[in-house]
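For the record, the sequence lines run as chains A and B. Following our numbering, the numbering of the first sequence begins with 1 at its first residue and continues without gaps. Following our numbering, the numbering of the second sequence begins with 1 at its first residue and continues without gaps.
If you're looking for bench data, these hints aren't it; they were derived computationally from the structure. Any given hint could turn out to be false.
[Claimed, not checked] On the chain B side, residues computed to face chain A include the following (Cβ under 10 Å):
no.: 1; residue: Gln90
no.: 2; residue: Ser152
no.: 3; residue: Glu194
Just so it is clear, CB atoms sit at the ideal spot from N, CA and C, and this is done for glycine as well.
Protein chains: 2
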Amino acid sequence: MASDVATEPQAHGASSSNLIRVLEDDILSGALRPGDRLDEQALARRFSVSRTPVREALRHLASSGLVEIRRNQGAMVRSLTTGELVEMFQVLAEMQGLAARLCARRMSRSKVKELRQLNEACERYADRDEHVQFFAANTEFHDAIERGAQNSFLMEENAKLAKRLRAYRWHMTFQPRRMSNSVEEHFRIVEAIERGDEEAAHKLMRAHVDLLAGSATDVLIALEAKING
Amino acid sequence: MASDVATEPQAHGASSSNLIRVLEDDILSGALRPGDRLDEQALARRFSVSRTPVREALRHLASSGLVEIRRNQGAMVRSLTTGELVEMFQVLAEMQGLAARLCARRMSRSKVKELRQLNEACERYADRDEHVQFFAANTEFHDAIERGAQNSFLMEENAKLAKRLRAYRWHMTFQPRRMSNSVEEHFRIVEAIERGDEEAAHKLMRAHVDLLAGSATDVLIALEAKING
DNA sequence: GCCCGGAAAAGTGTGTGCACTTTTTCCTCG
DNA sequence: CGAGGAAAAAGTGCACACACTTTTCCGGGC
Numbered sequence: 001m002a003s004d005v006a007t008e009p010q011a012h013g014a015s016s017s018n019l020i021r022v023l024e025d026d027i028l029s030g031a032l033r034p035g036d037r038l039d040e041q042a043l044a045r046r047f048s049v050s051r052t053p054v055r056e057a058l059r060h061l062a063s064s065g066l067v068e069i070r071r072n073q074g075a076m077v078r079s080l081t082t083g084e085l086v087e088m089f090q091v092l093a094e095m096q097g098l099a100a101r102l103c104a105r106r107m108s109r110s111k112v113k114e115l116r117q118l119n120e121a122c123e124r125y126a127d128r129d130e131h132v133q134f135f136a137a138n139t140e141f142h143d144a145i146e147r148g149a150q151n152s153f154l155m156e157e158n159a160k161l162a163k164r165l166r167a168y169r170w171h172m173t174f175q176p177r178r179m180s181n182s183v184e185e186h187f188r189i190v191e192a193i194e195r196g197d198e199e200a201a202h203k204l205m206r207a208h209v210d211l212l213a214g215s216a217t218d219v220l221i222a223l224e225a226k227i228n229g
Numbered sequence: 001m002a003s004d005v006a007t008e009p010q011a012h013g014a015s016s017s018n019l020i021r022v023l024e025d026d027i028l029s030g031a032l033r034p035g036d037r038l039d040e041q042a043l044a045r046r047f048s049v050s051r052t053p054v055r056e057a058l059r060h061l062a063s064s065g066l067v068e069i070r071r072n073q074g075a076m077v078r079s080l081t082t083g084e085l086v087e088m089f090q091v092l093a094e095m096q097g098l099a100a101r102l103c104a105r106r107m108s109r110s111k112v113k114e115l116r117q118l119n120e121a122c123e124r125y126a127d128r129d130e131h132v133q134f135f136a137a138n139t140e141f142h143d144a145i146e147r148g149a150q151n152s153f154l155m156e157e158n159a160k161l162a163k164r165l166r167a168y169r170w171h172m173t174f175q176p177r178r179m180s181n182s183v184e185e186h187f188r189i190v191e192a193i194e195r196g197d198e199e200a201a202h203k204l205m206r207a208h209v210d211l212l213a214g215s216a217t218d219v220l221i222a223l224e225a226k227i228n229g
């Protein structure tokens, strides 16, 4: 999305936790594409460490779902089928729905005001067709809702899922009318939260996030082709 | 819950994936209690392997949330605060709610019938106050709903969470009237699914699973906010 | 030309050693 | 007797070596 430093040799002293971050960035930014093999020895050379920390990093990425490890066959960047994507969006939609519900129950007036302002930022960028800024503002809006839910566990799970789906959400930003629709949907969600209407907040947020609601499966399929190869 | 083979020395040849299972069992069965330290070398001796596979197993358990690893300080069985528990039950409730919703949308008549039979099994055990069998039957009922949702990702996430919360659900089985209440709630859920009422199925299931469906959670959070400023 | 078997190459799984960090112990000083 | 601090002990992080598995490649038989 931003910097393209990926795949370059790394400086020395990269330790396990750094490794994880760099590899994760490479995968999420698309420098490493789904299906790419992750050779332990090659990575060890690239990062100037031994295979041990590389293995640990790969295991970690595997359990967060970004790579797939098969016994004696090494690791590869996990690729998602359209079906899996739809499933994941369905779950994400529900969790964000829960977050919105909790906001409706717990959010202070001043926080709601901040939320509204975040959406107004989205609106400005949508009006000017500035996708990059809109994407950032949109992310901030959703983050604010997750924080407002005051459920750390929910926030972490949401973050994990959102991370894995980030690339797809990014591409969706470019769908015609998607940005202005989003702003409108955000607006209704804020309203529901403001009047403490849990059911409405939940329902609106779910519909907002759930791809299927907009029958966008075709988009997904197109994206899949683009991203996977 | 069942066999008490834990903490005994293990036969040779236990490889990484076995290790994970055994350690997991030890933690989930309570043989290893929250806060217990997991010494790599001790475990290596106990399983007659070197530290390397032990480390991998511990890393894996860490990322599934069962143990906590701090750099240079080893691993310990993770203990959950009341707050975390409430948060996790809230998320589990929502996900099971989604599963119920999808069942209402997708489940065939014959599958609904099976579901009803599973709940009738629950009812029999509840009537006779047989907690162990009830717990098993209850688990089967919920598993059937997860399968019925036909969303593999949701099923996996549910399974992970349910695993971590299993011990607590077990204890809840012994709450007075809990079993008969469960049966009644199950019954209403099955009815909602049968008539395809997504909203009702979702709502009923969420209430069924959420520990503190009442407002206790919010009181807690309000208090915390007050105390912490 | 194609298929098949076997050896070589490549790559992962695990054992072991050493450096570095954290914890404990124990001695000294107030 | 308690507090502070250095040295020893214990334990983790990483490098490296070797065994075993999987893959690749090549030559012979059909």
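Handout entry: Non-conforming hints, listed in increasing numerical order
Key = Number 3 only.
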